[in-house]
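Colleague: On the provided structure of chain U, position chains D, V and P as indicated by the hints.
Protein chains: 4
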Amino acid sequence: MDLISKLTEIFRRFPGIGPRQAKRFVYHLLTQSASDRKELAELITELSGLVKTCSRCFRFYTSNEKAKSIRECPICADPHRARESLMVVSRDVDFENIEKSGGFNGLYFILGGSVPILEKEPMKRIRIRELIERLRAETDEPVREVILALNLTPEGENTQEYVLREIAAELKDKAPKLSVLGRGLSTGLELEYSDADTIKNALKNRY
Amino acid sequence: MDLISKLTEIFRRFPGIGPRQAKRFVYHLLTQSASDRKELAELITELSGLVKTCSRCFRFYTSNEKAKSIRECPICADPHRARESLMVVSRDVDFENIEKSGGFNGLYFILGGSVPILEKEPMKRIRIRELIERLRAETDEPVREVILALNLTPEGENTQEYVLREIAAELKDKAPKLSVLGRGLSTGLELEYSDADTIKNALKNRY
Amino acid sequence: MDLISKLTEIFRRFPGIGPRQAKRFVYHLLTQSASDRKELAELITELSGLVKTCSRCFRFYTSNEKAKSIRECPICADPHRARESLMVVSRDVDFENIEKSGGFNGLYFILGGSVPILEKEPMKRIRIRELIERLRAETDEPVREVILALNLTPEGENTQEYVLREIAAELKDKAPKLSVLGRGLSTGLELEYSDADTIKNALKNRY
Amino acid sequence: MDLISKLTEIFRRFPGIGPRQAKRFVYHLLTQSASDRKELAELITELSGLVKTCSRCFRFYTSNEKAKSIRECPICADPHRARESLMVVSRDVDFENIEKSGGFNGLYFILGGSVPILEKEPMKRIRIRELIERLRAETDEPVREVILALNLTPEGENTQEYVLREIAAELKDKAPKLSVLGRGLSTGLELEYSDADTIKNALKNRY
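Chains as they are written, first to last, in my numbering: chain U, 6 to 212; chain D, 6 to 212; chain V, 6 to 212; chain P, 6 to 212.
In short, the hints are calculated from the structure, not lab data.
Possibly wrong hints are sitting among the right ones.
A pair holds if it fits inside one copy or across any two, identical chains being indistinguishable in the list.
Said to hold, decoys possible - The list that follows gives simulated cross-link-like pairs (lysine-lysine, DSBU-like), each with its CA atoms no further than 30 Å apart:
#, residue 1, residue 2
1, 182, 209
2, 205, 105
3, 11, 177
4, 179, 11
5, 125, 43
6, 57, 43
7, 205, 11
8, 125, 205
9, 43, 11
10, 179, 205
So here's chain U without its partners, still in its complex pose (with noise of 0.2 Å):
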């Protein structure tokens, strides 16, 4: 197999791509300078360096710290951060997205997926062994409210069960407060379309 050919393989792999689009992208890479794509090259490559996991919240952040034995990221590091909370949430984007937002002033803790429905070994879906282990750290500030933040899609759902069960039955009565995202009208939305639970729960907390 060519270059061109490889290259299309590996684009066809990223996230929505198809072999039309994979192969377009190399077209645009070689109309690029040679200086450029050496750039990009160096990139990638310096992720798996200044890329780390931080090994509280399992969240992607970006370190120039060679030194090891710290692996936490600046938000788990932030002394200003509202620590009894910790809003769990499937991915990274979905960390962004929430951040981004400016609504939420505690911990995160990304599960790094979610459990399909009839999934048959959940465990492996999700981190939800570290989350349980997490909770039962016995740190100086203990997360006093966990807050489930995830998609509200029937597999979003079944991760939500999946990971309140495990939460009750690993910690019991020492779970801390759970909570989850409040229902109701999000921006954009047309009442024509919406179904019977967005309208009661909109109803329910209306203001």
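Modeller: Below, chains D, V and P without anything else, positioned relative to chain U:
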């Protein structure tokens, strides 16, 4: 203009219908039996006699009653509905969807439209006069709470602001309690694609 | 079932219309004046009397003629059309679009449908008997060329094969010249997304 | 700007990629192994050395040859191709799709772009100078036919007109035979939605 063209023109004015689909409708009718067409024509004609506008909530409803004196829809006439609670919606389709959800047991009021942004004569777009009058009416069961259930779109929010402002200006301290539907995650929502307002409200309404 | 529901049911059977849009159609009619509704009802009723099916080409056409003896559409009756050339199409909408293009001056024949792949009784899906009869008819101006103008979709190609096979089997050496529409680039096409057949044909038909 | 943001910025410039998908690409890379990332970086770097631009047709091709003297792609160097026939296309992806169709055995010429409508300096958008030179070149096998294979879009047709005009003006009576791809029905087309040009051409090219 021949008959087929005339009918096509009328179907073109149906909501969401372009010239091609309008023409398809005519051909669809042509492939039906003469008796099917006659039934459709009769039902359309009957709309004038059988469908009335409720004098209280202004929604359309079907009635065989000949008497012109009573013009109240079954919901407004139902003694088991919570009469002190009034939900204000833009259109009949919104009412239908909310009523179908089964989450509300009060009465409704149909504004008959919404107020576009920068509209100079909003009172011509919606039944604001009629709403104020409805709230002023000295009935035995006064409205204690008005729930605005409008689309969470720019036009819906503009309508909401206008209605709230008018009620406050007209009814002053005699105004009922005013509320709007709660915001939060609506069914199907993915956190990666949520806006800041939705996230903040979902967080505030967590449960 | 009440009137609004009955009408909604009928509109749901219109091509491409789901339950929500069907209901919107009814509300659209309700916001019209009674005289507008009456006009629509009358036009629909008139379809039965004024729209006839041409006995030659089977297309629908509008006519004020009461006489039942003559049932020929203006195109089939037009002495200036090239009567030896017959274009066979699936539906009235196809005929309309081709006639609007102004590129053809012969006569038409409407099959009234198409033959799905693996259909066991294709003769029940399209007017193949009537087409054979039309080609056999000893009129003063016999058909010398049949042009099949069918969609370039799997179902259209299946219909084409079936019609060609039937004409060959039934008319044998008395069959007129048979042709199909040329293939090539159609307006809007991008070469990057063209299939091999289209490219090969476009190359063969280069000019 | 940190590493993740820098990489996101670069992926945003990939064709058809918005900010959200660009970010997803970075997270996708982060979930890969360090060796997978290294492989991608190396392949991108190798593009500079191994992918060359053919000096005859200007398409990109992969080559291990170190010698800088020969810069001819395998197709231009292939003695079995019909060298008197030259197909002119906009981009490499068009060339690829046409070559994959197997319908053409001549040589190609990549314009490297297209000419937008009202563009004042079309010679800066495509390799028109190089094309004229290629046609003028006194090689042992002169080009006898130029086939323009451009998109049937407004921009593609504008490019076609410009190229035809320039060849005529520059080469005058020494110009090779010029042709464009044939028009007609392309795969998937439905007659109901075809434009007049396509129908007329399909009729002319019937077979």
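Colleague: Would you mind marking each hint as holding or not holding in the structure?
Modeller: Checked hints:
1. 182 with 209: both (21 Å within a copy, 15 Å between copies)
2. 205 with 105: both (28 Å within a copy, 11 Å between copies)
3. 11 with 177: neither (52 Å within a copy, 45 Å between copies)
4. 179 with 11: Answer is neither: 53 Å inside a copy and 43 Å across each miss the 30 Å cutoff.
5. 125 with 43: Neither: 44 Å inside a chain and 34 Å across chains, both beyond 30 Å.
6. 57 with 43: both (23 Å within a copy, 16 Å between copies)
7. 205 with 11: The answer is between: 28 Å across copies meets 30 Å, while 52 Å in one copy does not.
8. 125 with 205: neither (32 Å within a copy, 34 Å between copies)
9. 43 with 11: For residue 43 and residue 11, the Cα distance is within 30 Å both inside one copy (18 Å) and across copies (14 Å).
10. 179 with 205: between (32 Å within a copy, 28 Å between copies)
In summary, the numbered hints that this structure violates are 3, 4, 5 and 8.
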